[in-house]
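Starting from the known structure of chain A, arrange chain B on it as the hints suggest.
Keeping their order, the protein sequence lines are chains A and B.
Using our numbering, the first residue of the first sequence is number 266, and each one after it goes up by one.
Using our numbering, the first residue of the second sequence is number 113, and each one after it goes up by one.
Where hints are given, some of them may not hold.
So, partial list: chain A residues that the calculated Cβ filter (under 10 Å) puts toward chain B [claimed, not checked]:
1) Lys307
2) Ala309
3) Ala310
No wet-lab data here; the hints were simulated from the structure.
Ideal Cβ positions, reconstructed from N, Cα and C, are used throughout, including at glycine.
Spelled out, the chains give:
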Amino acid sequence: MLKFLNASALWLLPLAGVPLIVHLLTRKKSVVFYFPSVRFLKKAARRKTFNFNILNLILLILRTFAVLCLVLFLARPSVVFFAPPSGETAIFVDYSYSMNQRIKDSTAWRDAVDIARSIVESRGGKDCFLFLFNRKIELAGGGFPGLDKLQSLPAPVEISSACGNMIADAVRKAQDFKKVFIVSDFCWEPSGKKDAVKWPEVETVCFSLGRRAGNYMSGM
Amino acid sequence: MGFARKGVFEGTVSGRHPSPYRGYSLEFLSFRPYCQGDDIRYLDWKVYGRSERFYVRQFEQETNMRVCVVVDKSNSMDYGKGFQNKILWAKVLASTLIYILIKRGDSVAFASASDRLEIYEPPARAISHLFKLLKVTADVSASGKTDIASALEGLGGKLNRRTAVVLISDLLTETDRILKTVKNFIHQKHNFVVFHILHRDELNLPPAGNFLFVDKETGEKIPIIAAKSAGAYKRDFRKFLLGIENTLTNSGAGYYRFDTSADIGLQIPMGLHRTGFSYL
Numbered sequence: 266m267l268k269f270l271n272a273s274a275l276w277l278l279p280l281a282g283v284p285l286i287v288h289l290l291t292r293k294k295s296v297v298f299y300f301p302s303v304r305f306l307k308k309a310a311r312r313k314t315f316n317f318n319i320l321n322l323i324l325l326i327l328r329t330f331a332v333l334c335l336v337l338f339l340a341r342p343s344v345v346f347f348a349p350p351s352g353e354t355a356i357f358v359d360y361s362y363s364m365n366q367r368i369k370d371s372t373a374w375r376d377a378v379d380i381a382r383s384i385v386e387s388r389g390g391k392d393c394f395l396f397l398f399n400r401k402i403e404l405a406g407g408g409f410p411g412l413d414k415l416q417s418l419p420a421p422v423e424i425s426s427a428c429g430n431m432i433a434d435a436v437r438k439a440q441d442f443k444k445v446f447i448v449s450d451f452c453w454e455p456s457g458k459k460d461a462v463k464w465p466e467v468e469t470v471c472f473s474l475g476r477r478a479g480n481y482m483s484g485m
Numbered sequence: 113m114g115f116a117r118k119g120v121f122e123g124t125v126s127g128r129h130p131s132p133y134r135g136y137s138l139e140f141l142s143f144r145p146y147c148q149g150d151d152i153r154y155l156d157w158k159v160y161g162r163s164e165r166f167y168v169r170q171f172e173q174e175t176n177m178r179v180c181v182v183v184d185k186s187n188s189m190d191y192g193k194g195f196q197n198k199i200l201w202a203k204v205l206a207s208t209l210i211y212i213l214i215k216r217g218d219s220v221a222f223a224s225a226s227d228r229l230e231i232y233e234p235p236a237r238a239i240s241h242l243f244k245l246l247k248v249t250a251d252v253s254a255s256g257k258t259d260i261a262s263a264l265e266g267l268g269g270k271l272n273r274r275t276a277v278v279l280i281s282d283l284l285t286e287t288d289r290i291l292k293t294v295k296n297f298i299h300q301k302h303n304f305v306v307f308h309i310l311h312r313d314e315l316n317l318p319p320a321g322n323f324l325f326v327d328k329e330t331g332e333k334i335p336i337i338a339a340k341s342a343g344a345y346k347r348d349f350r351k352f353l354l355g356i357e358n359t360l361t362n363s364g365a366g367y368y369r370f371d372t373s374a375d376i377g378l379q380i381p382m383g384l385h386r387t388g389f390s391y392l
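Okay, chain A solo, but in the shape it has when bound (with noise of 0.2 Å):
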């Protein structure tokens, strides 16, 4: 599905036809000729202003489509090939390095993926997907197939980078998102953090696991 970042860009799509209307204002008047006969002209006529016009039909479809270009650069589409519809719920899973640390007899990212079960079968498996995050956002999958995925993922070995940036990104985009839940140790750099929750019309739900984050959601 085709979105675009800055819509409002989309307000300057009628200047598009700005170029058909300089064409039409500027263009060279033919100056009216009284001539004895046009008999010997005719045949000359017909070859020579056809090459002319499709010439001056192509300059102009160029010039439109520069513009059309540049108004579409200005309001920066973008490809999301995932598309939840409305009403969505995203369950962001860290999976980098600093989830192996050990609580108790488990480690974070056991826990991190039980509270995604709790989470997912809570809403019976529907309307809601999982994302991976360390590097880079993955789609884990939606529903039970992506909790399945999920539970069979080896031990975190990456480490994780502006994480927060990253799922700001992920939920601005996707748009239809209502609920964001975000299971991490919070162990981002700060500018992170802050990012992460800067969406106020999407609910947002922080677990944080471990000894690093201590209580996320008590500091909002």
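Here is chain B on its own, set in the frame of chain A:
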């Protein structure tokens, strides 16, 4: 200054052009046996002394020429600025011809034509007729469409003797019909001369520009870029000119093309000479 069209004319008074009839003048033609009733003044006594037979000398009768000057006054002739205007050129050419011919003693008729014969002044050779024709010629103004062939057909009915018809036109009409009519005139033993009047723009198209050409007679509009189309136009127009010239000259008519941008003082004598009028 005067000139005579090459050929034979059936004139009404004695003049400087050869006649098909035999008469008495300074130009000796041949001997003929004496018949009863012949004027004995023309008996050749020297021949009688040698042969003891009576012979009379025959002389070529010289007569005047009848010329009909036809000016095409259709709208297409009203092209060109100032002295390059085609109708103005045609009028000057016609007036010059009329003046010279009448001064020389020839009978001159005048006609103006568009899609029909509009004005026709019958031939005469009086000085008063000269003034009349010059005034009629000066009053000619361009109007109407071109159909010279129909006009010439109308003129044909008015010519009852051998006449030299001088057509001054741009010939921008159905060429085939004109050529057919000219051939008919020649078949009826008239002399025919075409003075083709053209403007330089017709030969080369106007300078570069984006033009909407409007036909002066039909109002038809053709958008064209002069610089791009000049080549094709010139080729077609030259073909048309060559076709006319060849057909007319092959059928025995005189043809000369005038370019209105050239010097009229040089062009007229050259045109008259080329079309068979010889200076006397």
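Results for each hint:
1. Because the smallest distance between the Cβ of A:Lys307 and any Cβ of chain B comes to about 6 Å, under 10 Å, the interface hint for this residue holds.
2. Checking A:Ala309 against chain B by beta carbon gives a least distance of about 4 Å; that is within 10 Å, so the hint holds.
3. Restraint check, A:Ala310 versus chain B: the minimum CB separation of about 5 Å is within 10 Å; hint holds.
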